[in-house]
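Asker: Residue numbering for the sequence shown follows full-length UniProt numbering, beginning at 1 and increasing consecutively.
Warning: the hint list may mix true and false statements.
Unchecked claim - Computed Cβ-Cβ distance ranges for the label pairs, DEER-style:
no. : residue 1 : residue 2 : range
1   : P446      : T200      : 50 to 60 Å
2   : Y394      : L114      : 46 to 56 Å
3   : Q505      : I351      : 26 to 36 Å
4   : E432      : V240      : 44 to 54 Å
5   : I351      : S457      : 51 to 61 Å
6   : E231      : P374      : 16 to 26 Å
7   : D203      : I351      : 22 to 32 Å
8   : N222      : K497      : 42 to 52 Å
9   : R387      : I351      : 32 to 42 Å
10  : E384      : F535      : 52 to 62 Å
11  : N222      : K174      : 23 to 33 Å
12  : F499      : L201      : 48 to 58 Å
13  : N269      : D113      : 22 to 32 Å
Said to hold, decoys possible - Straight-line distance between alpha carbons at most 20 Å, and here's what the computed DMTMM-like set of lysine to aspartate or glutamate pairs gives:
no. : residue 1 : residue 2
14  : K268      : D193
15  : K85       : E384
16  : K130      : D155
17  : K470      : E453
18  : K174      : D193
19  : K105      : E492
These aren't lab readings, by the way, just hints derived from the structure by calculation. We put the CB at the ideal spot given by N, CA and C, even for glycine.
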Amino acid sequence: MVPASFSLVFGAFWFSVSSAEQPNIIFIVADDLGWNDVGFHGSNQIPTPNIDALAYNGIILNSHYVHSSSTPTRTALLTGKYPMKLGLQGSSFLPADKRSLPDGKLMPDYFKDLGYDTYLLGKWHLGHSKWNDTPQFKGFDHHFGFYNSFTSYYDYLTTWKFNGKDYTGFDLRKDGKSALEESGKYATDLFTDYTVKLITLQDPSKPLFIMLAHLAVHAGNNGKPLEAPQETINKFGHIVDSNRRTYAAMVSKLDDSVGAIVEALDSKNILQNTVIAFISDNGAPTVAPTFRNWGSNAPLRGVKHTLFEGGIRSIGFVYSPLLVQSARVSTDLIHVTDWLPTMFSAAGGDIGILDQDLDGIDQWSSLVYDLPSPRNDILLNIDEKTRNAALRFYNWKLIIGGSQNETLSDYYGDIVAENIEEQTYNLNGVLESPAGRVANKINYSPLSPDEYELIRSKATISCLDGKAKKNPCDPVGGSYCLYDIPSDPCEENDLAKFFPSVVRQMKRALVNYRSSLISQLDEDVDIENADPKNFGYTWGPWVDCIKPDCSSPLEK
């Protein structure tokens, strides 16, 4: 038992450090990255040594949940609220969509209140019909990136088909102004280099908040959906399928990005006082009618746009020398809404001043000290149009109704496993990666190879034994499917008929959540006025902004 005097001294020490020197926050969001496409989840197909090194030396979040598509997840991340409270529980925004994120205080606003410089690099996808809807009017001091769901990796042209016609425009902006001079630079490298530059030039006396929302590994335009440097693609000759091979190269460039950022933080001498979080916005669209990227969520069931684990159980980890209990795998529930209060708490903010209507829960102390999580349930979504809903409650998960694309719900695993030569896991590559070398250098007690392997084994998910009894369930048509997720992570054994009281309890919880639902905003396409040709073939705001303080960056 820890003496009370030690607890008081240690607590006072922790408070003085956190209040005197706020940590830098680097929040990395990968796009459509599959559960099975990082090494620390047990796959050998695509080496991710830098990502793995940080994950092993931090906390792997093996029960981290997001929403099933981009706009709802980003809404939840920045607002700390379930999207259904804002009418954004349905489809993601379209290029000529007048929908936008409702007014309200967002994550970067709170960090600005604490004295942080705030940056968004990469994807926005939360509305841009008016300048008021763009990142610099939503709490970010600076934005370098694109407004839409996707763009091309080299030329930054976004082509959108509507009513049988293609509309193409340039979509890369630096503080609102078109960044045509950056054309030809690979997107993952471009956003990484800019991040490294910001870190290098940052005033050490000011804390830094960077949200790096990568384009990778989202598919791009039809005709060239997957793009990567050829020299990187050539490293993956063991993958026969050409699309999967290019996807692997895209993941590899994403991994290089993490290594470069860690090295920059270390060179600046600020890594010791930095928190790095890494998540994916949803599962991979392994098979899909649009934006298929050949990612893998194996062994989980479902893909992007479904409420099965493959669609919403996201890759996630947090790394920081400030974590007292690290180098572990957490199976505690954590939701994307939790990051706002959790990071605000990490920055020394007073949780009491946050919006009282937040759904996110502060998990910082739980993460730092390996304390029990305060979260025991997660509303995974309620979509009143598709009549699709899901809820996690302790070990249970209840799913009602089918997804937007019902054919995706029963999809399992790896589409191209037969086209991949068996590989061994390169642990030495993890240790010798830029992130691995830095983590080992600053770690008071560096992990041994056996410890790395043990953590990896704990982060690897296995489905039910082939001999185990299974009760298949298809929620399409309004059926109820109940799963015990810790013992059945692949959602193969429906237990609804064996635990009717649990089903009733969770249905009541969904009804209670339903009372705060705002009818989802309908798609509001205005392509005639938003057509890029009206603006020099560039995607951007087209509706008059709302005063005050709404002047276009182009007028400044």
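Asker: Against the structure shown, which of the earlier numbered hints fail to hold, in ascending order?
Answerer: Going through the list in order, the structure violates hints 1, 2, 4, 5, 6, 10, 16, 17, 19 and respects the others.
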